[in-house]
Amino acid sequence: MIVGIPKEIYPRERRVAATPETVAKLIKLGLDVIVQPGAGDNAGYDDGTYVTAGARIAPSAAVLFGSADLVLKVRPPEPAEADALKPGAVLVGFVWPAQNKPLLERLAARKATVLAMDAVPRITRAQRMDALSAMANIAGYRAVLEAANHFDRFLPGQITAAGRAKPAQVLVLGAGVAGLAAIAAARGLGAVVKAFDTRAAVREQVESLGASFVEFDFKEEGEGQGGYAKEMSAAYLAAEQALIAGHAAQSDLVISTALIPGKPAPQLLTADAIKAMRRGSVIVDMAAEQGGNCPLTERDQVVEKFGVTLIGYTDLPSHMARQASDLYAMTVYNLVELLMPKDKGFVLDLDDEVQRGALILKDGALMWPPPARPKPPAPASTTPAAQPTKGTSTAASAPSQPTKKKGIGSRIALAGVVALLAAAGLAGPPELLQHLTVFLLACVVGWHVIWNVAPALHTPLMSVTNAISGIILVGGMVVLSSGTGSGESGFTADALSAIAILLASINVAGGFLVTQRMLRMFRK
Amino acid sequence: MTLEFLGTLRGLSYLAASMLFILSLRGLSTQQTARGGNLLGMLGMGLAVLITGIVLVVTNLGLAADAGGGGPTATGGRAVGLLVAALIGGGALGALVASRVAMTSMPELVAMLHSFVGAAAVLVGIATTLQPGGDGAHGAAHLIEIFVGVFVGAVTFSGSVIAFTKLRGLVGSRPLMLPGRHALNASLVGASIVLAVLFVREPGPEALIYLLAMMGLALVLGVHLVMAIGGGDMPVVVSLLNSYSGWAAAAAGFMLSNDLLIVTGALVGSSGAILSTIMCRAMNRSIWNVVFGGFGAAPSGPKAVAGAVPAGVVHETSVTEVAELLLAARLVIIVPGYGMAVAQAQHAVKEISSFLTEKKIKVEYAIHPVAGRLPGHMNVLLAEANVSYEIVKEMEEINPEFPKTDVVMVIGANDIVNPSALDDPSSPIYGMPVLEVWKAARVVMLKRSMSAGYAGVDNPLAYRDNTLMLFGDARQSVVNLLTALRAQA
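Protein sequence lines correspond, in order, to chains A and B.
Letter by letter, the first sequence follows residues 1 to 524 of our numbering.
Letter by letter, the second sequence follows residues 1 to 489 of our numbering.
Heads up, a few of these hints could be off.
What the hints assert, rightly or not - When the alpha-carbon atoms are kept at most 30 Å apart in a straight line, the in silico DSSO-like pairs for lysine-lysine are as follows:
1. A:Lys-28 <-> A:Lys-342
2. A:Lys-305 <-> A:Lys-263
3. B:Lys-404 <-> A:Lys-194
4. A:Lys-28 <-> B:Lys-359
5. A:Lys-86 <-> A:Lys-263
6. A:Lys-194 <-> B:Lys-360
7. B:Lys-362 <-> A:Lys-194
8. B:Lys-362 <-> A:Lys-166
9. A:Lys-166 <-> B:Lys-393
Said to hold, decoys possible - Just some of the chain A residues that point at chain B, by a computed CB distance under 7 Å:
10. Gly-38
11. Val-449
12. Met-521
What the hints assert, rightly or not - Here are some chain B residues the structure puts well away from chain A; computed CB gaps all over 12 Å:
13. Leu-188
14. Val-194
15. Ala-213
16. Ser-449
Just so you know, these hints were derived from the structure itself, not from any lab.
Quantities reported herein were computed from a predicted structural model and do not represent experimental measurements.
Quick reminder that beta carbons are idealized off the backbone N, C-alpha and C, glycines included.
Could you build the full structure based on these sequences and the hints that come with them?
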């Protein structure tokens with residue numbers, strides 16, 4: 001099977017769908033890889049590196065498309081590319097089926113099988129193929145750098161001999177993968193970060209990155225299916241805009257990442273909100289491709305409105321083409337690997353949730369959208385690995401209850417023991433009662449003293465108590481001294497107590513000394 | 001010096017020794033006071049032995065002013081000689097063992113020392129019975145005291161010996177599950193009670209045979225009880241035996257009417273009981289379940305679970321990659337387990353943590369209460385490797401930190417980091433509090449192979465997407481990792 005890696009021809013696109021590293025891995029899967037000349041030039045990989053990895057260089061794009069059975073791409077194919085596809089070929093890349101109906105028809109005409117990286121379901125098992133998150137991560141990071149680049153002050157606060165610089169205030173709208181990456185990047189640069197999201201569940205994640213969460217108290221839950229935000233009512237939006245305008249006015253940088261799948265981006269930043277912002281502030285509108293979170297944003301442009309710089313780049317990952325290609329190529333490879341079970345060649349498994357989800361066209365037949373899966377019970381269960389959630393923390397606290405019940409059980413047992421001892425005391429000689437009193441008091445004292453011992457000291461505690469229980473040594477001595485030791489049994493008694501003393505003194509010496517040795521090792 | 005004066009002096013000294021022991025245990029509550037606590041314990045023991053020794057010498061050699069003179073008797077001289085020989089011999093042996101033992105062998109040493117207390121209690125009990133003249137005076141209560149003392153002592157002795165052999169690896173760590181084992185235990189106890197009745201009914205030298213027969217039964221009981229407990233539950237067993245050894249000493253105190261022994265035995269007994277309770281809570285299991293449950297063998301449970309868990313994708317990694325991860329991290333948490341102790345990797349691990357600290361990367365250690373084979377086992381090993389105890393954290397302290405952590409290194413631990421304990425009700429360890437390492441950005445598991453832990457449960461942590469597996473012997477992996485870190489930095 002021949003895999004083709006074309007050069008991306010979309011304007012300003014600099015990524016490539018396979019790197020020399022993944023090419024080598026594809027060849028290991030038993031695939032034959034051909035690369036269009038210059039495919040990786042913009043991502044920092046020249047043709048030679050691909051050849052070294054084992055690929056062949058196709059003479060031209062036409063030859064590549066004509067001979068490849070599997071084409072790996074980044075952007076959705078341009079009409080010309082779609083038409084050049086070999087009949088029955090497989091295409092893997094971003095497709096955006098909802099926005100690209102005509103493209104699907106063209107591809108269907110080529111009897112193509114199409115798997116969309118953007119349609120890979122967001123489940124734990126598919127995280128290795130989650131190209132959207134990988135790209136969003138890069139975009140969020142880069143957005144902060146772009147903003148910092150257009151900002152005319154420090155990000156971290158500094159106190160210098162020449163005066164004091166306050167830390168920059170950053171507001172992040174939307175705490176998805178891109179938003180979280182932006183928070184981390186801005187925090188890393190020393191800015192003070194606030195983040196806003198309609199989904200209350202992401203608060204924990206925002207705070208875990210060291211940003212504060214902007215509370216939005218409006219009764220309408222924003223959690224949609226599969227961890228995306230959903231669209232809200234007009235009143236809701238107005239309240240949201242007002243809140244954001246207030247926070248934006250105090251912010252130097254705004255990174256807006258709010259998206260609703262399949263819908264235009266929500267207009268979170270109104271023109272009035274921008275007028276109220278400080279001059280010199282910077283807004284990076286990462287939703288520009290979907291119409292922008294701000295009506296004044298111009299797609300792919302940097303413009304200045306009311307003294308505020310508005311950045312509308314839609315190709316942020318291409319600004320870091322090498323990193324983006326490395327990560328994207330890896331997600332593509334992971335999907336291809338899934339499609340190539342060991343020694344079976346290329347097989348589509350329609351029962352596999354990941355493959356079924358990503359499948360758009362099968363031999364030209366439309367397979368999208370996939371049949372609905374049951375709605376996830378909570379966002380937590382869809383991405384447990386990535387998100388520390390409340391679900392698990394309640395689970396963690398649950399087990400404490402049975403232990404409490406057992407505590408009562410052992411208390412009853414203790415009471416039983418006490419009753420038994422009391423009975424023995426009543427029936428026995430007065431001396432016994434006196435000893436029992438001493439015994440029980442000592443138990444109580446021991447119980448209280450020991451609970452305070454730090455867990456780290458449990459081993460030393462054990463060896464000390466061990467040494468102390470060597471007090472039986474005294475018992476041996478008492479027997480030895482009280483004996484009138486005459487006769488055979490007297491001699492045996494003396495001998496036995498001597499052995500007892502011997503054993504107990506091993507305990508005493510060994511226990512104390514080893515404890516001392518251990519404790520000497522504990523240091524601050 | 002009169003005998004009366006000596007008696008008063010002895011009473012006061014015993015009181016002082018009891019107080020010193022209590023203060024000694026209290027001293028162990030914190031790291032700062034622990035060494036002082038140990039010294040107080042030594043002082044108490046020294047005082048107790050000294051005063052008892054003086055009494056012994058004075059009475060046996062007839063030195064007391066009111067003893068009517070007459071000088072040393074033949075038997076008195078023998079007693080003093082035996083005492084001196086036993087004290088010096090035992091003390092020297094103990095000191096030798098204490099200075100030689102490796103910190104990783106602490107569990108075995110502790111188990112062995114417990115067996116000595118048990119044996120001593122048995123011997124003292126038998127010696128008391130053998131002593132001519134003393135019997136009739138105390139009556140049935142005294143005989144019962146002797147009987148109980150010997151019983152507890154024998155169980156402690158044989159149980160500790162088995163625990164020692166298990167910890168040493170001389171006997172397999174799998175629990176021995178005899179058919180009808182509960183009935184066996186019950187009949188052993190029942191037979192001992194019958195023998196007790198016989199022993200009390202017919203006092204005299206002939207009754208000794210009942211005592212010895214019961215001792216035999218108790219020895220079997222001790223062996224059987226500990227054989228039925230799995231290797232993973234060893235921390236509980238060791239602390240239980242610790243408790244028994246205390247009760248044995250207390251029982252000896254009853255038979256000798258010696259309050260010092262009673263007090264001290266009770267202190268040790270409660271201490272062991274508390275440690276057992278703490279260990280059981282850490283595993284979310286009751287003490288009955290640990291002692292009689294035969295955990296770790298249940299053939300149906302674990303296998304069914306292992307079958308149900310989809311054998312997911314394991315991400316294997318290399319030392320170079322782990323080194324890169326560590327150098328890029330800001331907060332690293334190391335989770336040591338029994339595997340680290342077995343591989344003696346603690347020194348190499350410490351090297352890594354100091355290296356990272358030098359590079360301004362924060363390193364902390366997370367200790368699960370039942371990590372290792374002895375309560376606090378990991379703390380001792382880390383202390384041996386000179387890891388500051390201030391960065392060694394307990395489970396409750398460290399669990400909230402995992403979400404903020406960049407890399408968690410799990411070294412030779414398995415069940416204590418198993419997420420099934422929280423989210424899989426069908427898992428045998430469900431409900432056990434664990435270290436929630438999977439909340440960190442990355443988890444690196446150093447493991448010998450994909451085999452299950454002591455509980456025999458598969459660990460889904462290995463299949464998580466943020467988990468990387470580094471296979472191999474723990475020490476070798478850690479040493480290689482250190483080399484890789486030095487090469488990259």
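Minimum Cβ distance from Val-194 (chain B) to chain A greater than 12 Å, as the annotation requires: 19 Å, holds
Assertion that Ser-449 (chain B) lies outside the chain A interface [Cβ separation over 12 Å]: 21 Å, holds
Satisfaction of hint between Lys-194 (chain A) and Lys-404 (chain B), Cα-Cα up to 30 Å: 18 Å, holds
Restraint status (C-alpha distance of Lys-305 (chain A) to Lys-263 (chain A) at most 30 Å): 26 Å, holds
30 Å limit on alpha-carbon distance, applied to hinted pair Lys-362 (chain B) and Lys-166 (chain A): Roughly 27 Å between the alpha carbons, so the hint for Lys-362 (chain B) and Lys-166 (chain A) holds.
Given pair status - Lys-360 (chain B), Lys-194 (chain A), alpha carbons within 30 Å: Answer holds: Lys-194 (chain A) to Lys-360 (chain B) is near 27 Å, not above 30 Å.
Non-interface claim for Ala-213 (chain B) versus chain A (Cβ beyond 12 Å): With a cut-off of 12 Å, Ala-213 (chain B) remains clear of chain A, as the shortest Cβ separation is near 17 Å.
Met-521 (chain A) as chain B interface residue, shortest Cβ-Cβ below 7 Å: Holds, about 4 Å.
Holds or violated: Lys-28 (chain A) to Lys-342 (chain A), with C-alpha atoms at most 30 Å apart: Roughly 11 Å between the alpha carbons, so the hint for Lys-28 (chain A) and Lys-342 (chain A) holds.
Distance restraint between Lys-28 (chain A) and Lys-359 (chain B), which requires alpha-carbon spacing of 30 Å or less: 38 Å, violated
Leu-188 (chain B) and chain A, when compared Cβ to Cβ, separated by more than 12 Å: 20 Å, holds
Supplied contact hint for Gly-38 (chain A), tested at 7 Å Cβ to chain B: Gly-38 (chain A) check fails; min Cβ-Cβ to chain B is 31 Å, beyond 7 Å.
Comparing the model with each earlier hint shows violations of hints 4, 5, 9 and 10; every other hint is respected.
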